[in-house]
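Top to bottom, those sequences are chains A and B.
With the first letter of the first sequence counted as 1, position 90 gets the number 90 in my numbering; the numbers rise by one all the way through.
To convert, count from 1 in the second sequence and add 178; that's my numbering.
Just so you know, not all the hints are guaranteed correct.
[Stated by the list, open to error] Simulated pairs of lysine to aspartate or glutamate, EDC-like, Cα-Cα distance not exceeding 20 Å: (1) LYS152/A <-> GLU223/B; (2) LYS152/A <-> GLU247/B; (3) LYS273/B <-> ASP236/B.
[As the list claims (entries may be wrong)] A short, non-exhaustive set of chain B residues, derived as facing chain A with CB atoms under 10 Å: (4) ARG204; (5) ALA244; (6) GLU247; (7) ASP256.
For the record, the hints were derived by calculation from the structure and aren't laboratory data.
Idealized CB from N, CA, C, for every residue including glycine.
Take a look at the letters that make up each chain.
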Amino acid sequence: MQVFDTIKQRRSVRFYTDEAIDEDKLKKLVEAAIWAPSAGNIQAWNVVIVQRKEDIELVKAISPGMLGNPTALMILCADRRKAYDKGGEVGRDVLSLMDIAIATQNICLEATELGLGSCIIRSFNQDAVRELLDLPKNIVPELVVSLGYPRKIPNPPLRRTTDEAVIRWVKGENGSER
Amino acid sequence: MKGKTKKEELRYDLLKLFCYMITSARGCVEEPKLYGPFRLIDSVERIITLLDNEGLADDFLKRERAKIEENKEILMQDEEGFIKFLDELVIDFTKKLKEGAVKKQVTKGAG
Numbered sequence: 001m002q003v004f005d006t007i008k009q010r011r012s013v014r015f016y017t018d019e020a021i022d023e024d025k026l027k028k029l030v031e032a033a034i035w036a037p038s039a040g041n042i043q044a045w046n047v048v049i050v051q052r053k054e055d056i057e058l059v060k061a062i063s064p065g066m067l068g069n070p071t072a073l074m075i076l077c078a079d080r081r082k083a084y085d086k087g088g089e090v091g092r093d094v095l096s097l098m099d100i101a102i103a104t105q106n107i108c109l110e111a112t113e114l115g116l117g118s119c120i121i122r123s124f125n126q127d128a129v130r131e132l133l134d135l136p137k138n139i140v141p142e143l144v145v146s147l148g149y150p151r152k153i154p155n156p157p158l159r160r161t162t163d164e165a166v167i168r169w170v171k172g173e174n175g176s177e178r
Numbered sequence: 179m180k181g182k183t184k185k186e187e188l189r190y191d192l193l194k195l196f197c198y199m200i201t202s203a204r205g206c207v208e209e210p211k212l213y214g215p216f217r218l219i220d221s222v223e224r225i226i227t228l229l230d231n232e233g234l235a236d237d238f239l240k241r242e243r244a245k246i247e248e249n250k251e252i253l254m255q256d257e258e259g260f261i262k263f264l265d266e267l268v269i270d271f272t273k274k275l276k277e278g279a280v281k282k283q284v285t286k287g288a289g
């Protein structure tokens, strides 16, 4: 599959079949995340993977934004200490979040290529997830990706045109400025 | 839920629902305004499922749950459509409420 096709095929999938995801595929998703760029190559993030049904239910109970019945979760967590030690305040408060977002998109694109559905969720209670999963204080869950084999793939929502998205285009000698 | 009695299971399911509602309440402090209505509707769906598990959901509730499941995601694409859907639910449930009240009156009258 071409990258652009994968980008356009990715949907926020919330309804899945019961089929479990092989560990190899989950590892591949983590690998995709690892290959994402990060500020200063700090890679100040870690992943928690949850596959056991009962535990998915518990995370779901404190994650109002999680709909449907995922068969696996990937919880992307910022390592705030590492981010601060290597990147200072901006590394901890801004860049680590951006890095997680980029890594998360890689996960979702790779998931699409593997025939998996995914959905990025931020509507969860961070303190509750940390408490539930016994995470140390410096590890902060920032995004959850719900995963599974799609049962229902939603239609693509409307997108803006490139003309709407680009508010100014400073072109070279042969082009005009917008 | 291995080894749990039916009552314990129900209590645990309710606990999960309360967790959902409490974390929703906390989330609503900062989240977009329409997430609040969405969480309430989602709660209704979850409560109907619990009732259904206990054999207490009638056809009306099952129908409304299916409707909610089918339509709640409209919010992500069409806010006006979501509000219209909420309006429909209000009428559905009010009609049902009225029907129940009439039935009660009739039963009272008959007594």
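Now the hints, each set against the structure:
no.	hint	result
1	LYS152/A <-> GLU223/B	holds, 19 Å
2	LYS152/A <-> GLU247/B	holds, 12 Å
3	LYS273/B <-> ASP236/B	holds, 15 Å
4	ARG204	holds, 6 Å
5	ALA244	violated, 13 Å
6	GLU247	holds, 9 Å
7	ASP256	holds, 9 Å
When held up to the earlier numbered hints, the structure conflicts with hint 5 and nothing else.
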